[in-house]
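Heads up: the protein sequence lines correspond to chains C and Y, in order. Numbered per the UniProt record's numbering, the first sequence spans residues 1 to 382. Numbered per the UniProt record's numbering, the second sequence spans residues 1 to 327.
Just so you know, the hints here were simulated from the structure itself, not pulled from any lab data. Check before you lean on any hint, since a few could be wrong.
What the hints assert, rightly or not - BS3-like mimics (lysine-lysine), calculated; alpha carbons at most 27 Å apart, straight line:
| no. | chain 1 | residue 1 | chain 2 | residue 2 |
| --- | --- | --- | --- | --- |
| 1 | Y | Lys26 | Y | Lys36 |
| 2 | Y | Lys49 | Y | Lys36 |
| 3 | Y | Lys49 | Y | Lys103 |
| 4 | Y | Lys183 | Y | Lys49 |
| 5 | Y | Lys217 | C | Lys166 |
| 6 | C | Lys166 | Y | Lys36 |
| 7 | Y | Lys49 | Y | Lys26 |
| 8 | Y | Lys36 | Y | Lys183 |
| 9 | Y | Lys255 | Y | Lys183 |
| 10 | Y | Lys111 | Y | Lys36 |
| 11 | C | Lys166 | Y | Lys49 |
| 12 | C | Lys166 | Y | Lys103 |
| 13 | Y | Lys5 | Y | Lys183 |
| 14 | C | Lys166 | Y | Lys111 |
| 15 | Y | Lys26 | C | Lys166 |
Every value quoted in this text rests on a predicted model; they were computed, and no experiment measured them.
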Amino acid sequence: MSVKSTAARSSRGGAKRRGGAGRKPELVQLLTPEGERVEHSEYSIDLTPEELRGLYRDMVFTRRFDGEAVTLQRQGELGLWASLLGQEAAQIGSGRATRPDDYVFPTYREHGVAWTRGVDPLNLLGMFRGVNNGGWDPNQNNFHLYTIVIGSQALHATGYAMGAAKDGSDSAVIAYFGDGASSQGDVAEAFTFAAVYNAPVVFFCQNNQWAISEPTERQSRVPIYQRSAGFGFPGVRVDGNDVLAVLAVTRAALEHARSGEGPMLVEAFTYRMGAHTTSDDATRYRLDEETAEWAAKDPIARLKTYLANEGLADEAFFAEVEAESDALAKRVREGVRAMPNPDPMAIFDNIYADGHALVDEERAQFAAYQAQFEGSEEGAAR
Amino acid sequence: MTAPKSMTIAKAINESLRTSLETDPKVLVMGEDVGKLGGVFRITDGLQKDFGEDRVIDTPLAESGIIGTAIGLALRGYRPVAEIQFDGFVFPAYDQIVTQLAKMHARALGKVKLPVVIRIPYGGGIGAVEHHSESPEALFAHVAGLKVVSPATPSDAYWMMRQAIECDDPVIFFEPKRRYWDKGEVDTSAVPAPLHRARVVREGTDLTLAAYGPMVKTCLEAASAAEEEGRSLEVVDLRSMSPIDFDTLQASVEKTRRLVVVHEAPVFLGTGAEIAARITERCFFHLEAPVLRVGGFHAPYPPARLEEDYLPNLDRVLDSVDRALAF
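Between the sequences and the hints, there should be enough to build the whole structure, so can you do that?
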C-alpha cells in the first residue's frame with residue numbers, strides 16, 4: 001500500500017474539516033516572510049496596532065532572553081541550555097492564544113510560551129543551572145513543569161483535559177511537543193485517549209525539522225499534521241514563523257477544544273536555528289545553506305517589516321523594545337549569578353507529601369554526617 | 001457501627017473502592033475492562049453501574065496511557081485508582097511511573113500532589129500463561145517517590161486500599177491474586193493500623209519469618225507445621241515494602257535472634273536482600289544465624305506446570321528454617 005493511498009483513506013476522519021490528508025501539505029499563512037499581510041480562507045485575524053506591537057515585543061524579549069541564556073551557559077553559569085532561536089513566533093503566537101484558565105504542558109524548550117504565561121524567566125533557569133529539577137508552582141500560571149522525557153507530557157495534558165471536561169469547565173489544555181516526539185508511543189496514546197474521550201486538548205507540535213541530528217523524514221512518512229486523521233480528529237499545518245497565523249490557528253484550535261469538539265493537532269512548521277542544546281554541534285549533520293534559507297523566513301524580521309511598512313510602529317518603538325530587552329537580559333544575568341546553591345539537605349525535600357520512614361532515616365544520618373564538619377576546615381570548604 | 005463481616009480479599013477491595021467512591025467525589029477508578037465487565041478478576045464489579053462511566057472508566061488498551069492520563073487527572077485534583085490488569089503488563093507504564101509520577105512532587109518543590117493508586121494483581125500460583133504471575137515489587141520499591149504495599153488479609157485489603165487512596169503520594173498497591181478468594185473478617189468501622197506498619201501475626205520465640213502478600217499465609221502454615229516439631233516461629237506481615245517497618249522487624253529479631261524472609265519474587269537484589277542488610281546492621285550482635293531468604297530463582301517465571309516447584313512453599317520455608325536453626 002502506498003503512503004498516498006493510506007493517507008487518502010484516513011482523510012475520512014476529522015481532517016476533512018481543516019486541510020485534508022492526502023493532499024499536498026498546505027501551510028496556513030497570514031504574514032509572508034517579506035512582511036506582506038495575506039488572507040486565508042479559513043483562518044483570519046484582526047489585531048489592534050497595540051496587540052501587534054505586543055507580539056513583536058514578546059518575540060524580541062524571548063529571543064534576547066534566550067540569547068542571554070546561551071551566553072550564560074558559555075560562561076559556565078548554566079550547565080545546559082536548549083535554545084528556541086527561530087521558534088519565537090510558534091511559541092508567542094500559540095502562548096498568546098491561551099486564556100489564563102487554560103493549562104499548558106511544555107517540553108523543555110518552551111521559554112517563549114512560559115513568557116506569555118507570566119512565568120519569571122529566572123524560574124526557567126534553575127534546572128539548567130542545576131539548582132533544582134523544575135522549580136516553579138505549575139498552578140500559579142497554569143504552566144506545568146518542563147518535561148525532558150520526550151512526549152510524556154502529552155498524556156498528562158490529555159488526563160488534565162479529561163479532568164477539566166469532568167468538571168464542566170470550558171478551559172482547554174495545550175500540549176507542546178516536537179517532531180521527534182511524534183514518534184513516541186506516549187504521543188500516539190495521548191492521541192487515542194484524547195480522541196475516544198473527546199478531551200479538550202490541543203496538541204501543538206513544533207516541527208523544527210530536527211530531532212537533535214535526525215531530520216523529520218526519519219520520524220514520519222507523512223506530514224505530521226496528517227497523523228491526527230487516523231485518530232479521528234483534525235490537524236492543520238501553520239507557518240510556525242508567522243506569529244499572526246500561529247495565533248489565529250491556535251485560537252481556533254483552542255476554541256474547537258473548549259466548545260466540546262474534542263482534540264485538534266496543530267503542526268507549526270518552523271526551524272531550530274540553533275543547535276539542539278548548548279552541548280550539540282549542528283554543523284555535523286546539517287548544511288549552512290538550509291539554515292540560511294530559514295533565516296530569510298525569520299519570524300521577528302517579517303513582523304518588524306510589516307509594522308514599519310504599515311506605519312504601526314516607529315523607530316522610537318523599536319529602540320525602546322531593544323532597550324527593554326537589554327534590561328531584561330541584565331536582570332536575568334544578575335539573577336542567575338546570584339542564584340545560590342541549594343543546601344545539601346534539600347536532597348531530602350519534597351520526595352513525599354505524606355512522609356516516608358526511609359527518607360527520614362537517611363536525612364537524619366546525612367545531617368549527623370554533615371554536622372561532623374561544622375566549624376572544621378573541611379566544613380568551611382564545603 | 002457495623003458488625004464485622006466475612007468476605008474475600010476480592011470483595012474487600014471492591015467494598016473499599018465503593019466506600020472511597022462514595023465518600024470522595026474526586027476518586028476515580030480506571031483501567032482496562034474495569035467498567036461493565038467489573039475487571040477480569042471482578043474486583044470492580046458493579047462499580048460502574050452505581051457510579052457511572054465518568055467515575056469508573058474503561059480505558060483504551062494502553063498502560064502508559066492509563067498512568068499518564070492518571071497523572072494529568074491527579075494534577076487536575078482527582079484521585080485516580082488505576083488498574084493494571086496483570087503484573088507483567090505494567091512495564092509499558094514503567095516509564096510514566098518512574099520518570100514522571102514518582103518525581104513530580106519533588107520537581108514542583110512540593111507544590112503539586114500526585115495521589116494516584118496503581119492496583120496490580122501480582123504473584124503466581126494460578127496456573128496462568130506467561131506475564132500473568134510475576135512479582136515486580138522490588139522494581140518499584142527501589143524508586144524514591146513511590147510507596148509500595150501489599151495486603152495479605154481481607155481486613156488489610158479493605159483498610160489499606162482506603163488509606164492508599166487517602167494518601168497524597170503515589171501508591172503501588174500489589175494485590176495477591178491467588179489469595180483473592182480467601183475469606184476473613186472485615187470490620188469497616190474499626191480503627192485501622194497505619195498503612196506502613198508491619199504486624200506480628202503469630203508470636204514465637206525461636207525464629208522470625210517475614211513476608212507480605214501471598215506468602216504470609218504460607219509462612220503461617222509453616223509456623224503451624226514447625227510447632228508440631230516443637231519449634232516456635234514468629235510471623236511478621238510486613239504489609240509495606242516501601243517504606244519497610246524495620247522497627248517492628250528489629251524488635252522481633254532481637255527476641256528470636258533468627259530471621260528468614262520469604263517472597264515470591266526472585267531473591268537476587270530483592271526485598272529480602274535489603275531486609276537482610278538492614279537487619280544485619282541493626283541486630284548484628286543479636287543474630288545467631290545469617291538472615292536467610294526464600295524466594296524465586298534468577299530465572300524467568302516458569303511455565304505453569306513448573307510453578308509449584310518455583311514458588312516458595314511450606315517445605316522450602318521449613319528447609320530454610322532448619323538451616324537457620326542449625327547455626
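Problem - Numbers of unmet hints, in rising order - result: 3, 5, 9 and 10
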